[in-house]
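One letter stands for each residue in the lines below.
There are 2 protein chains.
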Amino acid sequence: MIHLVLLSGGSGTRLWPLSNSSRSKQFLKVLRDAKGNHVSMVQRVFRQIRAVDADVDVTIATCAAQEDSIRRQVEGCYALVLEPDRRDTAPAIMLACANLALEQRADADDTVIVMPIDTYADQAYYDGIVKLDAAVQSGFSELVLLGVEPTFPSVKYGYIVPETPEGELRRVVRFTEKPEKAMARELIGNGALWNCGVFAFKLGYLTNLASKYMPVSDFRQFRDRYSELPKNSFDYEVVEKAASIGVVPYSGEWKDLGTWNTLTDEMADASAGRVVVDEPTCENVHVINETGFPMVVAGMRNAVVVATPDGILVSSKEASAGIKAQVAQAAESRPMYEQRRWGEYRVLDSSVYPDGAKALTKELVVRDGKQMSYQRHAHRSEVWTIVSGTGEVVLDGLVRQVRAGSVVYINKLQMHAARAVGSELHIIEVQQGDILVEEDIERFGDYWD
Amino acid sequence: MIHLVLLSGGSGTRLWPLSNSSRSKQFLKVLRDAKGNHVSMVQRVFRQIRAVDADVDVTIATCAAQEDSIRRQVEGCYALVLEPDRRDTAPAIMLACANLALEQRADADDTVIVMPIDTYADQAYYDGIVKLDAAVQSGFSELVLLGVEPTFPSVKYGYIVPETPEGELRRVVRFTEKPEKAMARELIGNGALWNCGVFAFKLGYLTNLASKYMPVSDFRQFRDRYSELPKNSFDYEVVEKAASIGVVPYSGEWKDLGTWNTLTDEMADASAGRVVVDEPTCENVHVINETGFPMVVAGMRNAVVVATPDGILVSSKEASAGIKAQVAQAAESRPMYEQRRWGEYRVLDSSVYPDGAKALTKELVVRDGKQMSYQRHAHRSEVWTIVSGTGEVVLDGLVRQVRAGSVVYINKLQMHAARAVGSELHIIEVQQGDILVEEDIERFGDYWD
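Sequences listed follow chains A and B, in order. In this text, residue positions in the first sequence follow my numbering: the first is 434, and each later residue adds one. In this text, residue positions in the second sequence follow my numbering: the first is 434, and each later residue adds one.
I should point out that these hints are in silico values taken from the structure, not numbers from a laboratory. Heads up, some of the hints might be wrong.
Listed next, with one range per pair, are the computed distances between beta-carbon atoms [said to hold, decoys possible]:
hint, chain 1, residue 1, chain 2, residue 2, range
1, B, Gln762, A, Ala467, 29 to 35 Å
2, A, Ala758, B, Ala703, 18 to 24 Å
3, B, Ala758, A, Gly802, 43 to 49 Å
4, B, Leu515, A, Leu846, 50 to 56 Å
5, B, Glu872, A, Ala758, 43 to 49 Å
6, A, Gly685, B, Lys757, 46 to 52 Å
7, A, Glu610, B, Phe585, 57 to 63 Å
8, A, Lys664, B, Ile868, 56 to 62 Å
For lysine-lysine, the following BS3-like pairs were computed, each having C-alpha atoms within a straight-line distance of at most 25 Å [to be verified]:
hint, chain 1, residue 1, chain 2, residue 2
9, B, Lys589, B, Lys664
10, B, Lys611, B, Lys791
11, B, Lys757, A, Lys791
12, A, Lys803, B, Lys791
13, B, Lys614, B, Lys589
14, B, Lys688, B, Lys468
Using N, Cα and C, we set each Cβ at its ideal position, and we do this for glycine too.
Please model the entire structure based on the sequences and the hints provided.
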């Protein structure tokens, strides 16, 4: 049996301000499917996986901040394993394998195939799943990787060097990380392949490795002691130490859509949101405006303009890959837009006033029939003005009907929740307090059944 | 005696989104004075005028939308004449002259000098006031204009053609509007000057002209019948019909800072507001960010980026002059930021929801000691959440103290006002109703003395 483990990686500021700590690039619906609908990388990958095997067993390894986004975008059956804190790929994969072995009771001889969830590749890439499984079960090597046939001598990728440049399954001799261009050419001449982060092995192989760090027999215990695992990559911690490694070649499109330069190449639309692009004076310009502000773009070439509640980026495509420091300097430490299981919120304003008072104004959207968890805050009060829809609000156990025009005052430490009944519920929320952060929340499950 | 009439012109979308119907370009504090302080065009012009004569008599002709901005920016003594509706320069100047004659009781033989309030010129330009007065009082001609010595064969300006290319006061033979380049060169060779919209005449000359349209002896009556005046420019209605015209030459800087291209040349700072400009990859880039959103600009050349509550403009400087239609298509019909006598407001969000409900969220800032007028709205309710400062709110005659945390619910047609006492008062206001416009307001003067 095959178990796919999909790694849903971290925040990354390379696609700021469209991605933030809760909305990673893989969830952005900027691609287009065969029918012309907008889809995210995650949705595209899931379709490709299910085209290989509709019933393939899937475990997604990610962090709590992405849970809501995944549940909103991925339908069907899958296990979700949440890291208690962000470490690196080796501990994340060990945690997923511990879950497979200890919770899902998978067999030690089953094949595990680890894949990044944000790869942009052809269907043939995912068809490789079957070949990887066959190679693992044949006992050819402890580990089997997928290797991408290089199309140019990249100095940014890792290269897998096989014993021979031919064959559907080759023995790996060594790895070379980010070689110089001349070396990259030579490697390619000798049949080297790009390492794309796809690893296959028998479940027992990895649980054995993990047990050296943590000899536990209970998944909850494993998770509780997660911080004891080394903060290392799977390549460093496992691949480099493996006794024998095989590689299955893949030839076709394979892209990291992690920069504005590469992402805009695949974007479904040249502009999205409230924007007027002066076409005659613009060339190769991509614009996304997720704010309510009207936008005009004129006289731009090879540029990307992105405005979201998190910020505004105006950059040439070329320069967009090298602005990590500038973004770190400019950006808010908190996300200004988040999707939640019950709906979404958007920060309209965040201010510190001359007298030191702080306030944060949000629009909340609760989807029809959904509810936010019953909760309280230690550091802030909230004033809710209902501006659209109908629903219910509970305040310290007292339920009242609300509709456009209703105002609810929530004191510090008062228990509260809202649900939408019969339509979407839109709320303008004004938070006040000494600390205004998402983390100041104590949740008590759902109030309504 | 000299009476200066300063024309404070209209909205203009050429500097969108920094200018709007209430904040015209002349009020933007983007210039720098000798001491390094930020000043607006209006403030710069006033200093230059008072350097000529500290006690010069000034009347400002403008519209109601600009009243608050002028009162905030212009100190000292001046008369303010507000047009009942926007027409053109001829009626606006006639109204100002009617005010001088009928309200201020100025003498018919006094000199009136009309100047635009948004000119960017050297001090010598304003020193021309004295020469113009002398020319008018000498009886040389009915009208005396100021003419700018051309520095290049512009095809955009109007040319004043004098009888002779020499002399401090020349007789005008004719005018040529926006000539072809070859013709412009020829005109300049013959001593033609640019028409800069400065007109001098005896007060009685213009009141006589105005009385042909409207033989009234009371200023209020004149203003009430303002719409009967022809919607024509002063050039068309008065200058072209004058029996004799003189021109006083001016040699020096004279600019229309009405486009991003010309304005950025004189701007005090290359960037203002919350923005990180990646200097190594940018060249000749001007950035203004008046929103709370963090902004990063990289890899741009010869570009202007402006974000305000009214919208976001990203343009090459070259293209920025030709985007009137795009701005008209994109922009909101209402201003999203306005300065008022009591403070200012900024629209945080304006939404129409799926059920048709409308809401508009604003931040109001009431300056310490100031109050908004006692008022009511026919079409909207308002929820005020006080987020900073201390003050008082009156609701249907009932006064209460407010501070951060206070919430005030204002029903449709309920009389209300707020004033700041002891500090600035910051309020988040949520408006709801079928019509959410600034015009839905009935004012009843000041509630507090």
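Status of each hint after checking the structure:
no.	hint	in the structure
1	B:Gln762 / A:Ala467: 29 to 35 Å	holds, 33 Å
2	A:Ala758 / B:Ala703: 18 to 24 Å	holds, 19 Å
3	B:Ala758 / A:Gly802: 43 to 49 Å	holds, 44 Å
4	B:Leu515 / A:Leu846: 50 to 56 Å	holds, 53 Å
5	B:Glu872 / A:Ala758: 43 to 49 Å	holds, 47 Å
6	A:Gly685 / B:Lys757: 46 to 52 Å	holds, 48 Å
7	A:Glu610 / B:Phe585: 57 to 63 Å	holds, 60 Å
8	A:Lys664 / B:Ile868: 56 to 62 Å	holds, 58 Å
9	B:Lys589 / B:Lys664	holds, 22 Å
10	B:Lys611 / B:Lys791	violated, 47 Å
11	B:Lys757 / A:Lys791	violated, 39 Å
12	A:Lys803 / B:Lys791	holds, 22 Å
13	B:Lys614 / B:Lys589	holds, 10 Å
14	B:Lys688 / B:Lys468	holds, 22 Å
When each numbered hint is compared with the structure, violations occur for hints 10, 11.
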